[in-house]
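Peer 1: Letter by letter, the chains look like this.
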Amino acid sequence: MGKYIRLKKGFNINLLGKAAPKITQAEQAETFVVKPTDFMGIYMPKPVVKEGDSVKAGSPLFHDKKHENVLYAAPVSGEIVEIKRGEKRKLLEIKILADKKVEYDQFRKYSISEIGNLSVSDVKNQMLKGGVWPTIVQRPFGVIADPALTPKAIHISAFDTHPLAPDYSILFRGQDQAFQAGIDILRKFSPAIHVNVHTTSEISTVFSQVKGVEVNKFSGPHPAGCVGIQIHHIDPINKGDIVWTLNPYGVIQIGKLFMNGVYDASRVIAVTGSEVKEPQYYKTYTGASIKKFIENNLTNEHVRFISGNVLTGSRIEKDGHLGFYDQQLTVLPEGDQYEFLGWIGLGTKKLSFQRAFGLLSFLTPAKEFRLNTNSNGEERAFVQTGVFEKVTPIDILPTHLLKSILAEDLDEMEALGIYEVIEEDFALCEFVDVSKHNVQEILRDGIELIQNS
Amino acid sequence: MKFIRKQLDGVKHNFEKGGKWEKFYFAFEAFDTFLFVPNTTTGIKGVQVRDAIDMKRLMMTVIIAMVPCLLFGMWNVGQQHFLAIGQVATFSEKFWIGIVKTVPIIVVSYGVGLGIEFLFSALRRHPVNEGFLVTGMLIPLVMPADIPLWQVAIATAFSVVIGKEAFGGTGMNVVNIALTARAFLYFAYPTDISGEVWTYLGEGAKTVAGYSGATPLAVAAASTGNVVSDLGEFGKSWGANGMYSFSNMFWGAMPGCIGETSTLMCLIGAAILIATGVGSWKIIVSVFAGALGMGLFVNLVGANPFTQLPAHYHLVMGGLAFGAVFMATDPVTAAHTETGKWYYGALIGVFTVLIRVFNPAYPEGIMLAILLMNVFAPLIDYFVVSANKKRRLQRATV
Chain A
329 MGKYIRLKKG FNINLLGKAA PKITQAEQAE TFVVKPTDFM GIYMPKPVVK EGDSVKAGSP
389 LFHDKKHENV LYAAPVSGEI VEIKRGEKRK LLEIKILADK KVEYDQFRKY SISEIGNLSV
449 SDVKNQMLKG GVWPTIVQRP FGVIADPALT PKAIHISAFD THPLAPDYSI LFRGQDQAFQ
509 AGIDILRKFS PAIHVNVHTT SEISTVFSQV KGVEVNKFSG PHPAGCVGIQ IHHIDPINKG
569 DIVWTLNPYG VIQIGKLFMN GVYDASRVIA VTGSEVKEPQ YYKTYTGASI KKFIENNLTN
629 EHVRFISGNV LTGSRIEKDG HLGFYDQQLT VLPEGDQYEF LGWIGLGTKK LSFQRAFGLL
689 SFLTPAKEFR LNTNSNGEER AFVQTGVFEK VTPIDILPTH LLKSILAEDL DEMEALGIYE
749 VIEEDFALCE FVDVSKHNVQ EILRDGIELI QNS
Chain B
722 MKFIRKQLDG VKHNFEKGGK WEKFYFAFEA FDTFLFVPNT TTGIKGVQVR DAIDMKRLMM
782 TVIIAMVPCL LFGMWNVGQQ HFLAIGQVAT FSEKFWIGIV KTVPIIVVSY GVGLGIEFLF
842 SALRRHPVNE GFLVTGMLIP LVMPADIPLW QVAIATAFSV VIGKEAFGGT GMNVVNIALT
902 ARAFLYFAYP TDISGEVWTY LGEGAKTVAG YSGATPLAVA AASTGNVVSD LGEFGKSWGA
962 NGMYSFSNMF WGAMPGCIGE TSTLMCLIGA AILIATGVGS WKIIVSVFAG ALGMGLFVNL
1022 VGANPFTQLP AHYHLVMGGL AFGAVFMATD PVTAAHTETG KWYYGALIGV FTVLIRVFNP
1082 AYPEGIMLAI LLMNVFAPLI DYFVVSANKK RRLQRATV
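Going line by line, the protein sequences match chains A and B. Residues are numbered in the numbering used here as their position in the first sequence, beginning at 1, plus a constant of 328. Residues are numbered in the numbering used here as their position in the second sequence, beginning at 1, plus a constant of 721.
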């Protein structure tokens, strides 16, 4: 039996534009990209393809210079049309012009009973070659897992509490078998696999029927869905521990690699946000161009496209592509307008976690807000208002940890629990911050500091 | 609105890098952002939407919470004035005297303080922080109505420069800035801020026969017999009968600093701060609880007549309520950890009563108690943070 953990602290950001529960087969996107910048901890990625090459789905595109065996694969078949580099020739993205029909690189297929008999090294080899290894994110630090290390546990968050997050029972409908196969593979690395579900939403059979795992239940607002928060309550990470985390999508991909012998990057994404005419789900592949999803589907021209959700996502252009881990596109109005005396006016249109004078959103907790990207104020000195602690449902003192990072005090960072958190766990702190600091950036700086020390 | 925006945009380039008034960029920014919430948007990475709160709104909430104390204080200045000179006056006459005495202090406090803030923002190249909006209002509220304005100016300058900027500016100060101003005057010009200075009498005005301007704390400290009956007797001879009864002290029509006398108004302020979540209820509650507990304890000890004062009297006398609600809750100088706030507040209450009843030199203890605990707050936090670290270490070794 798994644990039942009730979380009270946190905050749900209710936004307008939740995806309607239907999956549409849109016209296939023309281009797909893989961005090495999506992968935390990757070291000097080296492309193994040239512009003009043709690739199949599952063919390697580049690899890490430190861990050459970890391959990053093409999501679809097609022609490499662009290898984009930035400053100091940093590899930014590899763009593929997709074939009409996806062709796959063939890897070895296994039956269910064969999977049971595979050794760890066989499994590891196929996963590394088959392009699914980067779906495994290692804690501490939230980096791509090091194949040389063995985890003490594997954690899978089976729900997403981020704003406008896709419903996992829609994303992974009918993938029961592949998920089970993925779990069977992962059990070879560690027998302690935790699948964490939320109590309030209907639990998909993908997660409720799965065998060989511990199913833990969580209740409470965001960040209950963040796997770092869950790990803290189930089996916290101590110094020296290695823990793996995966999105259910990664588990399914691993399962399919062994069951069907292909790197299957097909996925369902949610197109959400107040500026989308018909927010709903679409079938596509990893790293899709967003062009087809937004064509004739916007209510407003002056918008921001976000790959991912509004807390942890990143801004992309209107001809941009979704990130490797992002199963969601959010479209919000840009907020680059001035507002006369906007800092004191009464407001039911603006959302706030706090209740300071004039902020009335706490009166309507169920209301869905149309927020824009304005920062609603200027960056100011760090004033300790105690609000970070109210949105961090773990026994870690966010303010003190952040201050130790600013002071670059490594011992203090370690003692205050930096091994347990990554950006998404502190994203709400950044949202509620009165002084408008980039909390997630500060945290990543701290992680990199301690990683490189 | 568009016209103002256009004017601002028109002169903005002068303040930006390379412009002729580059040095005053942050001064310009302060005015600009006061009029308009700027058009800055969130970055490429990180959160894409932000909470509607900002520093200005947070500080404004505290100022709104102080308004009941300020308005009551203005009326009370007039009330005490006419009582002392034995004249009957209408409500508006009393209020007018209050405005005349109070507004100049507020103007001087804001003028000097903001002037220094702007100067430092130009010298140190940091934005003008809104923290002084609150400090600039707190300083007048803890001054006697009759304080010379030049003293207000010096005290404000001292507290902003030495109390805040010397430590690195907003968010870095160790002790409460408004209390630093008051403490400065207390030690530099004691004759103007202690003793019977609290009532504004007016140039050459004649007080009524038998008049005394002693505060309840002074009466209690001077008492040789029963404190409660001494307080009750106060004012009988000159028409201020019952001024120091418990209920009247709660209401607040008595001599004292401009904003501190009314416990009721402080509680309204506390209600605003707690309802908006801006002030820590833990600190407010624990200051009162600490003072009440210590009051009961000294009742048992009974070393001098003052110790025999019923504990609940301590809560309505002097500036305890004002200090608990507006000074102790300053998030920068209070304990930062949630557990630490309980200890911090309770110790303020305890020390206040301790200083009051056992130290004849300082009849009012709340100012010194808060300053003392400001200094010790990091130590309290140190213990709470250490406990957090220890839990993590123990977990690792089990």
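Keep in mind the hints are simulated off the structure, nothing from the lab. Be aware that one or more of the hints could be misleading.
Here are the computed distance ranges between Cβ atoms for each label pair [as the list claims (entries may be wrong)]: (1) B:882 - A:334: 56 to 62 Å; (2) B:963 - A:734: 26 to 32 Å; (3) A:735 - B:756: 34 to 40 Å; (4) B:739 - A:692: 44 to 50 Å.
Using N, Cα and C, we set each Cβ at its ideal position, and we do this for glycine too.
Peer 1: Look at each hint and say if it fits the structure.
Peer 2: Okay, the hints, checked on the actual structure:
1. B:882 - A:334: 56 to 62 Å: Distance hint for residue 882 of chain B, residue 334 of chain A is violated at roughly 50 Å.
2. B:963 - A:734: 26 to 32 Å: 56 Å Cβ-Cβ, so the 26 to 32 Å window is violated.
3. A:735 - B:756: 34 to 40 Å: At roughly 36 Å between Cβ atoms, residue 756 of chain B and residue 735 of chain A fall inside 34 to 40 Å, so the hint holds.
4. B:739 - A:692: 44 to 50 Å: Check passed, 47 Å falls within 44 to 50 Å.
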